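Here are the chains, one letter per residue:
2 protein chains.
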Amino acid sequence: MNDSNSMLICGLMTGTSLDGIDCALAKFSVDSKGKHQMEIISSLTDEMPFEIKDKISSLIVSPDKVHISDISMLNFALPKLFDSSIRKLCSESGTDIADIVAVGMHGQTIWHDPTADRLRNMSTASTLQIASASVLSALSGTKVVADFRSADIALGGQGAPLVPIFDYNFLSCADEDIITLNIGGISNITIMPAGCSEEEISAFDTGPGNTLIDYAMRRAYGREYDRDGKIARSGFLIPDMLEELMSLPYIKSKPPKSTGRELFNPDLIRQFMLDNRYLPEDIVRTLTEYTALTIAENIKIFASEKATIIASGGGIRNLFLKELLNEKLPDSKIVTSDEYGIEGDTKEALCFAYLAYRRLLGLHGNVQSVTGASGKVLCGIIADSR
Amino acid sequence: MNDSNSMLICGLMTGTSLDGIDCALAKFSVDSKGKHQMEIISSLTDEMPFEIKDKISSLIVSPDKVHISDISMLNFALPKLFDSSIRKLCSESGTDIADIVAVGMHGQTIWHDPTADRLRNMSTASTLQIASASVLSALSGTKVVADFRSADIALGGQGAPLVPIFDYNFLSCADEDIITLNIGGISNITIMPAGCSEEEISAFDTGPGNTLIDYAMRRAYGREYDRDGKIARSGFLIPDMLEELMSLPYIKSKPPKSTGRELFNPDLIRQFMLDNRYLPEDIVRTLTEYTALTIAENIKIFASEKATIIASGGGIRNLFLKELLNEKLPDSKIVTSDEYGIEGDTKEALCFAYLAYRRLLGLHGNVQSVTGASGKVLCGIIADSR
Numbered sequence: 173m174n175d176s177n178s179m180l181i182c183g184l185m186t187g188t189s190l191d192g193i194d195c196a197l198a199k200f201s202v203d204s205k206g207k208h209q210m211e212i213i214s215s216l217t218d219e220m221p222f223e224i225k226d227k228i229s230s231l232i233v234s235p236d237k238v239h240i241s242d243i244s245m246l247n248f249a250l251p252k253l254f255d256s257s258i259r260k261l262c263s264e265s266g267t268d269i270a271d272i273v274a275v276g277m278h279g280q281t282i283w284h285d286p287t288a289d290r291l292r293n294m295s296t297a298s299t300l301q302i303a304s305a306s307v308l309s310a311l312s313g314t315k316v317v318a319d320f321r322s323a324d325i326a327l328g329g330q331g332a333p334l335v336p337i338f339d340y341n342f343l344s345c346a347d348e349d350i351i352t353l354n355i356g357g358i359s360n361i362t363i364m365p366a367g368c369s370e371e372e373i374s375a376f377d378t379g380p381g382n383t384l385i386d387y388a389m390r391r392a393y394g395r396e397y398d399r400d401g402k403i404a405r406s407g408f409l410i411p412d413m414l415e416e417l418m419s420l421p422y423i424k425s426k427p428p429k430s431t432g433r434e435l436f437n438p439d440l441i442r443q444f445m446l447d448n449r450y451l452p453e454d455i456v457r458t459l460t461e462y463t464a465l466t467i468a469e470n471i472k473i474f475a476s477e478k479a480t481i482i483a484s485g486g487g488i489r490n491l492f493l494k495e496l497l498n499e500k501l502p503d504s505k506i507v508t509s510d511e512y513g514i515e516g517d518t519k520e521a522l523c524f525a526y527l528a529y530r531r532l533l534g535l536h537g538n539v540q541s542v543t544g545a546s547g548k549v550l551c552g553i554i555a556d557s558r
Numbered sequence: 173m174n175d176s177n178s179m180l181i182c183g184l185m186t187g188t189s190l191d192g193i194d195c196a197l198a199k200f201s202v203d204s205k206g207k208h209q210m211e212i213i214s215s216l217t218d219e220m221p222f223e224i225k226d227k228i229s230s231l232i233v234s235p236d237k238v239h240i241s242d243i244s245m246l247n248f249a250l251p252k253l254f255d256s257s258i259r260k261l262c263s264e265s266g267t268d269i270a271d272i273v274a275v276g277m278h279g280q281t282i283w284h285d286p287t288a289d290r291l292r293n294m295s296t297a298s299t300l301q302i303a304s305a306s307v308l309s310a311l312s313g314t315k316v317v318a319d320f321r322s323a324d325i326a327l328g329g330q331g332a333p334l335v336p337i338f339d340y341n342f343l344s345c346a347d348e349d350i351i352t353l354n355i356g357g358i359s360n361i362t363i364m365p366a367g368c369s370e371e372e373i374s375a376f377d378t379g380p381g382n383t384l385i386d387y388a389m390r391r392a393y394g395r396e397y398d399r400d401g402k403i404a405r406s407g408f409l410i411p412d413m414l415e416e417l418m419s420l421p422y423i424k425s426k427p428p429k430s431t432g433r434e435l436f437n438p439d440l441i442r443q444f445m446l447d448n449r450y451l452p453e454d455i456v457r458t459l460t461e462y463t464a465l466t467i468a469e470n471i472k473i474f475a476s477e478k479a480t481i482i483a484s485g486g487g488i489r490n491l492f493l494k495e496l497l498n499e500k501l502p503d504s505k506i507v508t509s510d511e512y513g514i515e516g517d518t519k520e521a522l523c524f525a526y527l528a529y530r531r532l533l534g535l536h537g538n539v540q541s542v543t544g545a546s547g548k549v550l551c552g553i554i555a556d557s558r
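First to last, the protein sequences are chains A and B.
Residues in the first sequence are numbered from 173 upward in steps of one, following the working numbering.
Residues in the second sequence are numbered from 173 upward in steps of one, following the working numbering.
It is possible that some hints are incorrect.
A pair counts as met if it fits within one copy or between any two copies, since identical chains are not told apart.
To be verified - With a straight-line cut-off of 30 Å between C-alpha atoms, the simulated DSS-like cross-links for lysine-lysine are:
| id | residue 1 | residue 2 |
| --- | --- | --- |
| 1 | K252 | K429 |
| 2 | K237 | K205 |
| 3 | K237 | K225 |
| 4 | K426 | K252 |
| 5 | K426 | K548 |
| 6 | K402 | K505 |
What the hints contain is simulated information worked out from the structure, not anything from laboratory work.
All values reported here derive from a predicted model rather than from experimental measurement.
Hey, can you work out the whole structure from these sequences and the hints?
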């Protein structure tokens with residue numbers, strides 16, 4: 173399966189929205205011009221068992237009341253789930269697991285705070301992804317590359333976003349401005365002007381993705397998400413709520429910047445959820461507007477609106493959100509990454525497969541202009557337990 | 173500094189007793205008979221700043237009331253301390269840090285529970301050492317090998333002890349029964365009958381090391397430890413207390429077994445500390461007796477008393493504890509590892525340097541007869557961020 177020039181790599185992503193285990197299998201190679209090529213073999217999104225999802229969710233929602241045993245246990249339980257997802261993917265695609273050169277495992281983020289508070293003159297900027305690479309490697313028998321963000325933060329970077337190097341290699345264009353947009357739990361964009369060099373890329377989190385909408389849906393309707401954006405479409409905008417949420421300094425602050433559920437969590441909207449004056453569909457409508465507006469504003473302020481926007485992530489299936497984006501960005505051409513052969517849900521998994529490929533080749537994974545790190549780093553540690 | 177056959181490796185250990193950062197630098201090579209050789213270059217024990225020690229201590233003592241940010245922050249702060257300890261060691265020994273092939277970093281254990289509780293049919297056996305290898309590698313510019321215990325646990329092992337492969341290579345003897353004893357926070361022994369094979373080694377934690385004595389010293393005297401065992405020597409044994417502590421099933425349970433501050437923590441002796449009938453020196457005396465007795469009993473039950481016991485670890489400087497050991501094991505010859513060129517405090521640091529060496533050579537690090545794992549594993553992930 174792996175000729176001398178190509179490597180079969182599996183990517184594994186579990187985002188902050190906890191909507192499943194995204195797995196993708198792709199073959200990477202270098203063409204005669206030295207450019208990296210990717211052939212997508214297969215992908216799947218595996219369910220995360222409720223008990224595990226629930227435990228992770230409570231870590232993220234209440235990070236101040238944690239039992240260490242839960243973190244340690246999840247660090248071992250997640251790789252077991254991942255191992256079974258990889259085997260399922262192999263079985264569905266007729267791949268022998270022994271042909272997989274490496275697994276690029278993002279791990280589950282449970283803390284991400286790249287801001288530089290200080291303790292005893294030491295920066296406390298940090299990020300924490302759990303799921304032990306040693307364990308996955310011992311179980312699957314494959315090499316595992318993991319912990320992609322830490323080295324960048326150690327050199328003063330934000331440790332995020334890491335997708336730009338993937339976007340640059342596979343989606344940038346010589347004669348067209350490209351913006352890639354991923355709407356996961358959090359939304360992020362990569363801005364690549366036509367023919368830009370790696371150093372000219374900018375990329376950052378724009379603000380919420382599905383996280384606030386999903387929380388409101390669970391809380392008010394007991395549903396996991398707003399299917400096709402139907403609830404939002406049936407509601408009315410609450411101007412005061414939108415205005416208050418838009419006033420968060422993060423939204424218009426200058427990149428590099430990155431965020432997570434530390435900022436965009438239920439606490440942010442609890443007062444509105446508890447206020448009887450607001451109907452739940454109006455809250456969902458407003459949060460959908462908020463999500464679209466924060467994306468559009470960031471594109472307008474920090475990029476050119478006249479661009480092709482290649483959208484991916486679960487949020488792009490929210491048709492109402494997509495309509496709002498089109499309405500707010502009339503000069504942009506919004507397409508989905510599916511049109512580029514990259515299914516929306518699996519883009520990040522492919523990205524971490526590619527980062528693992530780069531790590532094995534000894535190539536840096538961070539884009540300094542994006543993360544703000546003081547140097548290029550090889551992203552990821554390598555486990556090879558057997 | 174590194175000829176074709178030898179590698180300069182730094183080992184870093186911070187134990188559960190939090191008594192400092194043990195660093196050791198050694199050159200490893202393979203001799204003409206294929207046997208591993210170790211030349212110790214230098215070692216030091218660096219202080220751990222009070223704020224960091226305090227934060228780690230509260231994680232260990234109250235694992236149920238943790239803020240994730242503390243774990244994440246320590247995961248980044250510890251490698252910064254380690255980087256500065258390595259540079260100090262280099263400077264003191266006239267070593268160029270660029271000559272160090274790799275750092276074997278144990279990391280700070282904050283959870284270790286290799287027992288097999290189950291959640292959703294998954295074993296929750298796990299271990300958690302913090303201090304990001306990616307961060308240390310980014311800062312020091314060296315390769316870092318870390319997370320030595322996880323793969324063994326993933327294959328059903330206890331993930332501990334890991335020192336036996338070091339003991340076997342450097343301290344076992346063809347015509348003498350050897351028992352190595354390390355008295356750190358927890359005490360452990362490696363039993364190597366004369367001329368034994370790797371599969372014939374047994375090794376396990378016997379119970380407390382300094383952890384209970386140190387806790388009582390801090391609580392009753394505001395001191396970090398019982399210097400030379402003077403307080404213990406001035407007290408009287410409390411038979412009821414000793415009897416109750418000896419009744420813990422762990423003490424005489426059959427190996428493989430391993431333990432930590434999950435069992436041997438302040439809760440275990442709080443009732444005695446709070447009881448006005450007991451004098452503090454009597455409590456310290458009893459805990460010292462308890463520590464010696466648990467070591468001696470385990471040697472008597474699971475090994476041969478007629479052996480050379482090579483002792484190491486901070487506890488061996490407790491002269492009263494050493495006397496008690498001699499008294500309880502009259503047929504053994506107790507020596508310190510110093511006599512073998514291995515200073516007591518740095519043995520574990522040297523062990524993790526050696527495990528890193530083995531990892532780089534692609535050699536297993538666990539001894540299956542000791543940990544109980546179903547297979548040999550390469551212990552440790554490799555970070556090489558720059």
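Against the structure, the hints:
1. K252 <-> K429: between (33 Å within a copy, 24 Å between copies)
2. K237 <-> K205: This pair counts as neither: shortest intra-copy Cα distance 53 Å, inter-copy 55 Å.
3. K237 <-> K225: The answer is both: 17 Å in one copy and 21 Å across copies each meet 30 Å.
4. K426 <-> K252: between (40 Å within a copy, 29 Å between copies)
5. K426 <-> K548: within (22 Å within a copy, 51 Å between copies)
6. K402 <-> K505: within (23 Å within a copy, 80 Å between copies)
When the structure is compared with the earlier hints, a violation turns up for hint 2 alone.
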